[in-house]
Amino acid sequence: MTTVTEAPPPLAPTPQKKPPRRRGRLTPYWLLLPGILWLLLFFALPMVYQASTSVQTGSLEEGYEVTWHFATYWDAVSEYWPQFLRSVLYAGTATALCLLLGYPLAYLIAFRAGRWRNLILILVIAPFFTSFLIRTLAWKTILADGGPVVGALNSLHLLDVTSWLGITAGDRVLATPLAVVCGLTYNFLPFMILPLYTSLERIDGRLHEAAHDLYAKPFTTFRKVTFPLSMPGVVSGTLLTFIPASGDYVNADLLGSTDTRMVGNVIQGQFLRVLDYPTAAALSFILMAAILIIVTLYIRKSGTEDLV
Amino acid sequence: MTLVRWLKRHLVVLAGLLTLGYLLLPNVVVTVFSFNNPKGRFNYEWQQFSTDAWTDPCGVADLCGSLSLSLQIAAWATLGATVLGTLIAFALVRYRFRARGAVNSLIFLPMAMPEVVMAASLLTLFLNMGAQLGFWTILIAHIMFCLSFVVTAVKARVMSMDPKLEEAARDLYAGPIQTFVRVTLPIAAPGIAAGALLAFALSFDDFIITNFNAGATVTFPMFVWGSAQRGTPVQINVIGTAMFIVAVLIVLSGMVISGRRKRQRA
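These protein sequence lines map, in sequence, to chains A and B. All residue numbers for the first sequence refer to full-length UniProt numbering, where the first residue is 1 and numbers rise by one. All residue numbers for the second sequence refer to full-length UniProt numbering, where the first residue is 1 and numbers rise by one.
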């Protein structure tokens with residue numbers, strides 16, 4: 001989770017001082033060898049196998065053969081485009097909500113918490129140590145039919161609005177898109193807060209004073225000083241939220257219904273239940289390609305290539 | 001109108017605390033429901049107070065077995081990923097070599113990939129090789145996805161290290177091994193510890209990759225997943241609550257220790 005944020009800040013390119021040359025020019029290669037071999041064997045090679053599986057035809061009984069059957073891709077997209085669309089939509093909404101909810105908390109920890117700072121940071125990280133499946137199941141209780149949330153929404157007549165919008169159904173919140181997005185937002189919120197906090201914490205407090213001295217109102221200070229300076233955190237936070245959320249199938253499975261299935265659910269089902277490996281591999285390959293394209297474009301556009 | 005002004009001034013604080021509440025609410029529910037005495041098979045509705053589950057946490061078949069399996073896998077995965085990742089981190093910071101860019105992207109990509117993609121592709125590899133799914137395939141997968149996180153954690157620490165300290169050690173006639181053990185390693189230790197802790201948490205809580213590559217082996221997250229379909233025992237909540245308390249205690253004691261050290265130095 002701290003991954004992208006720990007990259008050097010964009011303003012100060014790491015002084016690539018020439019590392020001292022030591023005895024043995026092969027030393028770095030020996031240091032790299034075991035770990036890189038592991039990644040090549042169990043991360044890169046599987047991608048090749050997956051690509052190959054996606055263009056195979058055959059059956060479980062008779063075995064599969066590479067026949068360059070690209071039609072699998074076409075069939076997969078035409079059959080499962082609603083799930084793809086839903087993944088992008090749910091993950092995108094959850095990411096936006098995470099930014100909206102996470103920013104005030106990150107700001108609070110960075111500038112307003114005082115001696116409570118460490119305690120709040122612990123409270124943000126601590127839920128990680130309770131299995132996320134157990135915590136996701138707790139939302140079943142919170143959003144239960146006739147439970148407190150449903151009751152409150154009902155008495156405010158908000159459920160009528162949300163079901164008119166199509167994000168809830170009747171008197172239920174569980175098994176609707178609202179529940180799934182709520183779960184996704186909850187599960188990936190810390191991945192947004194931590195990078196935001198790291199980049200906010202780096203901001204020099206004197207910049208705020210300077211803005212104040214120049215008669216900027218608090219909101220103007222935020223818009224012109226704080227927010228632009230926190231952009232690296234915003235970029236890495238959105239990526240760290242969107243990527244795992246788009247491939248997630250746990251929330252859609254536990255809190256949703258068959259109408260909220262995301263592409264992760266389809267891949268899981270095809271691989272582990274239907275055992276249609278070529279279709280599953282093709283779907284997974286498309287998801288990977290889509291994510292890589294989105295990430296590359298996003299990083300280019302936000303102009304923080306130091307991130308990688 | 002002072003109330004309005006007060007609200008305006010503290011709006012950020014209020015919004016932040018609301019988010020904190022949203023983050024912690026499920027943990028509160030998990031804790032409260034660990035004292036529940038549910039009627040049916042599912043522990044989603046409050047019935048009455050009971051401490052039965054706390055006095056008998058292993059009372060459900062396979063629960064504690066899966067927990068100990070998860071702890072074992074997490075321990076081995078942490079060891080493997082920390083050793084391999086630390087070596088890579090040192091190579092990246094301290095040496096110049098060819099193919100640095102390729103190495104960097106090979107380390108970045110696993111973190112930028114949805115878990116389900118890694119899980120599915122790894123399964124195709126294991127199926128093609130005819131590997132027996134179980135403990136070893138889970139361990140291989142866990143070391144793979146923890147590795148990159150360890151590299152980034154250790155790299156950040158080693159990068160901020162002053163190389164003059166090691167030069168001084170060498171000027172004082174310390175051999176390369178002595179320098180590494182007595183100077184380099186102690187300074188890099190907090191980074192390595194952070195990486196190891198992260199690896200342990202990631203491995204212990206991993207569900208998606210494990211679900212694909214576990215075969216019939218059941219880790220703790222897979223037990224929870226299965227119980228969500230068959231019926232959730234209260235003991236799950238007991239273990240979730242205990243984990244939360246232990247984690248907070250570990251982090252707090254770590255902070256107290258490092259705070260005391262800082263004060264001693266000052």
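Some hints here could point you the wrong way.
Covered stretches of chain A (in silico footprint by chain B; criterion: 3 or more residues with CB under 8 Å from a CB of chain B, positions within the stretch not fixed) [claimed, not checked]:
{"#": "1", "stretch": "74–84"}
{"#": "2", "stretch": "109–118"}
{"#": "3", "stretch": "148–161"}
{"#": "4", "stretch": "169–177"}
Calculated pairs, DMTMM-like style, for lysine to aspartate or glutamate (alpha carbon to alpha carbon, straight line, at most 25 Å) [unchecked claim]:
{"#": "5", "chain 1": "B", "residue 1": "K8", "chain 2": "A", "residue 2": "D171"}
{"#": "6", "chain 1": "B", "residue 1": "K39", "chain 2": "A", "residue 2": "D213"}
{"#": "7", "chain 1": "B", "residue 1": "K8", "chain 2": "A", "residue 2": "D204"}
{"#": "8", "chain 1": "B", "residue 1": "K8", "chain 2": "A", "residue 2": "D160"}
{"#": "9", "chain 1": "A", "residue 1": "K224", "chain 2": "A", "residue 2": "D213"}
{"#": "10", "chain 1": "B", "residue 1": "K262", "chain 2": "A", "residue 2": "D213"}
{"#": "11", "chain 1": "B", "residue 1": "K39", "chain 2": "A", "residue 2": "E201"}
{"#": "12", "chain 1": "A", "residue 1": "K224", "chain 2": "A", "residue 2": "E201"}
Since the hints were made in silico from the structure, they are not lab data. Ideal Cβ positions, reconstructed from N, Cα and C, are used throughout, including at glycine.
Comparing the hints with the structure gives:
1. For the stretch 74–84 of chain A, the assignment as covered by chain B is violated, since 0 residues bring a beta-carbon within under 8 Å of that chain's beta-carbons and 3 are needed.
2. Remark: the stretch 109–118 of chain A is confirmed as covered by chain B, as 3 of its residues place a Cβ nearer than 8 Å to a Cβ of that chain, reaching the required three.
3. Only residues whose C-beta sits within less than 8 Å of a C-beta in chain B count toward coverage, and the stretch 148–161 of chain A has 0 of them, not enough to reach three; the restraint is violated.
4. For the stretch 169–177 of chain A, the stated coverage by chain B is not satisfied: 0 residues place a CB nearer than 8 Å to a CB of that chain, which falls below the threshold of 3.
5. Taking the CA atoms of K8(B) and D171(A), the gap is near 35 Å; set against the 25 Å cutoff, the hint is violated.
6. This hinted pair does not check out: K39(B) and D213(A) have alpha carbons roughly 64 Å apart, beyond 25 Å.
7. Restraint check: the Cα-Cα separation between K8(B) and D204(A) comes to about 24 Å, which is no more than 25 Å; the hinted pair holds.
8. Distance hint between K8(B) and D160(A) is unfulfilled; the C-alpha atoms sit about 31 Å from each other, more than 25 Å.
9. Simply put, K224(A) and D213(A) have alpha-carbon atoms about 14 Å apart, close enough for the 25 Å limit, and the pair holds.
10. The hinted pair formed by K262(B) and D213(A) fails the criterion: a straight-line CA distance of about 36 Å is larger than 25 Å.
11. With a C-alpha separation of about 49 Å, the suggested pair K39(B) and E201(A) falls outside the 25 Å cut-off, and the hint is violated.
12. Annotation: proposed proximity of K224(A) to E201(A) holds, straight-line Cα distance about 17 Å (limit 25 Å).
The structure fails hints 1, 3, 4, 5, 6, 8, 10, 11 (numbered hints given earlier, in ascending order).
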